[in-house]
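We have chain A already, so just place chain B on it with the hints.
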Amino acid sequence: MIALDPLLEGNLLWAPLLIVLVKVLIVFVVGLVATMLMVWFERKAIAGMQNRIGPNKTGPFGILQTLADGIKLFFKEDLFPSRADRFVFALAPFLSFVPAFLAFAIIPLGGDFRDGSSGEVTLFGQVTRIQLADPPIGVLFALAISSIAVYGIMLAGWSSGSKYPLLGSVRASAQMVSYEAALGLSLACVLLLAGTLSTSGIVAAQSTITDWHVVSTGIVPFVIFLIAATAELNRPPFDLVEAEQELVGGFNTEYSSIRFALFYLAEFMNTVTMSALIVTLFFGGPQPIAIGNFVLDIPLLPNALEGTVWLLAKILVFLYMYIWFRATLPRLRYDQLMDLGWKLLIPASLGWFMLLAAQRLARQNGWNIIIVTAGSIAVLVICYLLMQAAFAKSARDRSKQGTMF
Amino acid sequence: MQFFVFVCAALMILLGAVGVIVRKHPVHAALSLVLTLFGVAVSFVSQEAHFLAAVQVIVYAGAIVVLFLFVIMLLGVDRVENLRTEPLTAQRPLAIITCLGLVGVLVAAIVNGNGVLNERGEGINLPDLQNGPDANTVQLAESIFSRYVVAFEVTSVLLVIAVVGTVLLTRKRLAKASVK
Numbered sequence: 001m002i003a004l005d006p007l008l009e010g011n012l013l014w015a016p017l018l019i020v021l022v023k024v025l026i027v028f029v030v031g032l033v034a035t036m037l038m039v040w041f042e043r044k045a046i047a048g049m050q051n052r053i054g055p056n057k058t059g060p061f062g063i064l065q066t067l068a069d070g071i072k073l074f075f076k077e078d079l080f081p082s083r084a085d086r087f088v089f090a091l092a093p094f095l096s097f098v099p100a101f102l103a104f105a106i107i108p109l110g111g112d113f114r115d116g117s118s119g120e121v122t123l124f125g126q127v128t129r130i131q132l133a134d135p136p137i138g139v140l141f142a143l144a145i146s147s148i149a150v151y152g153i154m155l156a157g158w159s160s161g162s163k164y165p166l167l168g169s170v171r172a173s174a175q176m177v178s179y180e181a182a183l184g185l186s187l188a189c190v191l192l193l194a195g196t197l198s199t200s201g202i203v204a205a206q207s208t209i210t211d212w213h214v215v216s217t218g219i220v221p222f223v224i225f226l227i228a229a230t231a232e233l234n235r236p237p238f239d240l241v242e243a244e245q246e247l248v249g250g251f252n253t254e255y256s257s258i259r260f261a262l263f264y265l266a267e268f269m270n271t272v273t274m275s276a277l278i279v280t281l282f283f284g285g286p287q288p289i290a291i292g293n294f295v296l297d298i299p300l301l302p303n304a305l306e307g308t309v310w311l312l313a314k315i316l317v318f319l320y321m322y323i324w325f326r327a328t329l330p331r332l333r334y335d336q337l338m339d340l341g342w343k344l345l346i347p348a349s350l351g352w353f354m355l356l357a358a359q360r361l362a363r364q365n366g367w368n369i370i371i372v373t374a375g376s377i378a379v380l381v382i383c384y385l386l387m388q389a390a391f392a393k394s395a396r397d398r399s400k401q402g403t404m405f
Numbered sequence: 406m407q408f409f410v411f412v413c414a415a416l417m418i419l420l421g422a423v424g425v426i427v428r429k430h431p432v433h434a435a436l437s438l439v440l441t442l443f444g445v446a447v448s449f450v451s452q453e454a455h456f457l458a459a460v461q462v463i464v465y466a467g468a469i470v471v472l473f474l475f476v477i478m479l480l481g482v483d484r485v486e487n488l489r490t491e492p493l494t495a496q497r498p499l500a501i502i503t504c505l506g507l508v509g510v511l512v513a514a515i516v517n518g519n520g521v522l523n524e525r526g527e528g529i530n531l532p533d534l535q536n537g538p539d540a541n542t543v544q545l546a547e548s549i550f551s552r553y554v555v556a557f558e559v560t561s562v563l564l565v566i567a568v569v570g571t572v573l574l575t576r577k578r579l580a581k582a583s584v585k
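Protein sequences, first through last, are from chains A and B. If you read the first sequence in the numbering used here, its first letter stands for residue 1, the second for the next number, and so on. If you read the second sequence in the numbering used here, its first letter stands for residue 406, the second for the next number, and so on.
The following label-pair restraints were derived from C-beta to C-beta distances:
# : chain 1 : residue 1 : chain 2 : residue 2 : range
1 : A       : Pro330    : B       : Ala567    : 35 to 43 Å
2 : B       : Ala513    : A       : Ile258    : 49 to 57 Å
3 : B       : Leu574    : A       : Lys343    : 18 to 26 Å
4 : B       : Phe409    : A       : Gln388    : 51 to 59 Å
5 : B       : Leu574    : A       : Ala90     : 39 to 47 Å
6 : B       : Ile502    : A       : Trp342    : 40 to 48 Å
7 : A       : Ala15     : B       : Ile502    : 58 to 66 Å
Facing chain A, from chain B, some residues (calculated, C-beta under 10 Å):
#  : residue
8  : Glu453
9  : Ala468
10 : Ala540
Derived by calculation from the structure, the hints in this document are not laboratory data. Note that beta-carbon positions come from the ideal geometry of N, C-alpha and C, so glycine has one too.
Chain A extracted, bound-state conformation (with noise of 0.2 Å):
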């Protein structure tokens, strides 16, 4: 019924129900201990250019800090404040919590996808994917499970029933809302040299260093979907949603114990899955890095296995870049938040779309490819110049009412 994953066509059978649940536990396990990991190498990295120590005693480098963190959140006590909406309180961590997981799913963690092939391999005598599902929308699953995400956040500040953690959520629903506009754009760009929504087979389009998504949409998507990723991911430079100075602890604020755990651990998570799904989109995912016909080949290993290889080390970029920015980048004023998505990134992904879309038809009708670049390149300006021009006058307007912004 629901062709998923090539294992569940056809009748159920114990081996592939088995495969399945194995992958399931494989694909938790895996998130669980790589959200662990990732918030030690958060605390060390910065730590490190910050010129501290950081973590040191737990464990080999500090490596079980995470651990021990967690295990104290479980033993402290479980507080409901007395104005909170007791239901919608206890739910909220959970609709953080449940999406950062479910993202995970669709991301190809593995597989063969060398000269055209399809990433499938075969286990125990069954064809399947190294992916714990491959639904035929592919990468909306994403999208819709991010649109979830942001009722974790809303509700949380909404039901502590105080002003901080409500201060807090609004800015980040409003946020995560016009954000997610501009990355819906730029995965668009993907998609359209793609020709398919499904993630094994955007990785499959994508074999040789000029296919990666980066370099044949040209750098711009991939750079309008980083910092809208960002800010989805309410992290540095764009986490206003919990600015200490303005807001205490934003919409976390009344949630102690095993609840708070819950919203670090999808925060972190989100970092993990955000990076692996742009490795995935525009940096070829388990695809090795490979120059016309030289491909770097891992030697000893096989060619499903040296997929994986491939794609912690290119997630372990992104995971460094993240932290990187924490540590490099000041918070940004909420209007200028405000402005950087609505002014710059979402007229830019629009404008970019359509210069491919463009392309694109004149390489189907044969058109002459480098005329139809110029007129669109001359259509977009004429744009930007009315939108700028816009722009003034209605700075103009609002200085001669006297606001500030």
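Showing chain B alone in chain A's frame:
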């Protein structure tokens, strides 16, 4: 399996719908609406309309209800309302008449289209499942952007008009205030 999924989805939809009416708290009512929308998405998936299900979740659950909640929180109307007082006295009888009319129309439509709804594939343009995972999206895009393109564009113009109208209404009040 199909039957089981249908029962679950229908239960979700009905529970949500009843919740929207029964819950007195606006935020709880909005959350019940989310449950209904999810149920609809699940039944879309069980009818092989995957793309529609994804869009249902992204647009309705992810954007529109979030906007509802946003307005509820921002305006501070998140208090339990007293439903005893009635601002419009004719409201209740009118609502009952409209409701009965709607039920009548729905029943008539179902009775009328009985043959179509009973057997899968008769009269309904089912997605072509043989053409790989993206057949769904392709079919939907073809009908929106070729056959119904005028209706599609007119609808978007309608939305733009609504936005422009809202901005105009709020600006007018501001201008008057600044004159005073």
